[in-house]
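> Now for the letters of each chain:
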Amino acid sequence: EVQLVESGGGLVQPGRSLRLSCAASGFTFEDYAMHWVRQVPGKGLEWVSGISWNGGIIGYVDSVKGRFTISRDNGKNSLYLQMSSLRAEDTAFYYCAKDSSSGFARATEYDYWGQGTLVTVSS
Amino acid sequence: QSVLTQPPSASGTPGQRVTISCSGSSSNIGSNDVYWYQHLPGTAPKLLIYRNNLRPSGVPDRFSGSKSGTSASLAISGLRSEDEADYHCAAWDDSLSGGGVFGGGTRLTVL
Numbered sequence: 164e165v166q167l168v169e170s171g172g173g174l175v176q177p178g179r180s181l182r183l184s185c186a187a188s189g190f191t192f193e194d195y196a197m198h199w200v201r202q203v204p205g206k207g208l209e210w211v212s213g214i215s216w217n218g219g220i221i222g223y224v225d226s227v228k229g230r231f232t233i234s235r236d237n238g239k240n241s242l243y244l245q246m247s248s249l250r251a252e253d254t255a256f257y258y259c260a261k262d263s264s265s266g267f268a269r270a271t272e273y274d275y276w277g278q279g280t281l282v283t284v285s286s
Numbered sequence: 040q041s042v043l044t045q046p047p048s049a050s051g052t053p054g055q056r057v058t059i060s061c062s063g064s065s066s067n068i069g070s071n072d073v074y075w076y077q078h079l080p081g082t083a084p085k086l087l088i089y090r091n092n093l094r095p096s097g098v099p100d101r102f103s104g105s106k107s108g109t110s111a112s113l114a115i116s117g118l119r120s121e122d123e124a125d126y127h128c129a130a131w132d133d134s135l136s137g138g139g140v141f142g143g144g145t146r147l148t149v150l
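Sequence order for the protein chains is G and C. Per this note's numbering, residue 164 is the first one in the first sequence, and the count goes up by one each step. Per this note's numbering, residue 40 is the first one in the second sequence, and the count goes up by one each step.
What the hints contain is simulated information worked out from the structure, not anything from laboratory work. For each residue, glycine too, the CB sits at the ideal point set by N, CA and C. Hints may contain errors.
[As the list claims (entries may be wrong)] Restraint ranges, calculated between C-beta atoms of paired labels, are given here:
(1) 203(G) / 114(C): 25 to 31 Å
(2) 40(C) / 165(G): 30 to 36 Å
(3) 60(C) / 171(G): 34 to 40 Å
(4) 176(G) / 40(C): 25 to 31 Å
(5) 116(C) / 285(G): 40 to 46 Å
(6) 232(G) / 79(C): 26 to 32 Å
(7) 230(G) / 79(C): 28 to 34 Å
(8) 55(C) / 237(G): 42 to 48 Å
(9) 56(C) / 219(G): 40 to 46 Å
Kindly generate the complete structure, drawing on both the sequences and the hints.
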């Protein structure tokens with residue numbers, strides 16, 4: 164059974180940093196691209212960042228470029244999102260999502276998702 | 040403001056057929072496949088339709104998707120109470136920034 168479990172969310176002050184983790188199991192992690200998608204409560208989903216199977220291709224939504232860094236450790240079956248210079252508008256549930264392919268295939272085919280971790284940016 | 044446009048709400052009675060629209064542009068829906076996700080608050084989103092009109096195994100054939108030009112639709116026939124959820128459309132965007140884009144989500148209420 165595929166499982167994606169996010170952790171690392173919490174309350175953080177504006178301008179500070181936070182690192183999210185996603186522990187994957189039930190599939191061959193190194194074979195698939197992975198993504199972070201967020202949702203402000205009551206709003207729509209927003210793709211934040213994605214990384215290909217080997218980390219060779221990485222993408223970010225414009226609003227987080229230069230502040231967030233996605234990475235993965237295939238040996239630990241884990242995905243990460245290092246978030247710095249956090250802003251109030253980064254407050255959201257952050258979901259880890261598995262791509263159905265190994266790379267960036269100009270598709271948003273996320274066949275498994277975690278249950279999310281809440282990040283609250285407030286003073 | 041989401042890149043793809045969906046109605047914020049939809050409703051129907053059990054057994055009815057409802058459709059949810061998703062409007063985009065030439066850089067996303069017009070040139071890439073559309074995906075639909077079902078999301079119950081507090082749970083993991085679920086892939087409902089992929090590549091415009093295909094269903095993953097386990098998704099009932101009551102759910103169907105279509106795409107025409109820069110718009111797409113999700114249809115749910117034989118509406119059931121357990122279909123009450125948020126539905127999100129998504130597509131890749133080929134604009135300068137690139138990346139995945141979503142609609143604002145449609146809250147479906149089964150009356």
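> Check the structure against each numbered hint from earlier and tell me which ones fail, lowest number first.
none
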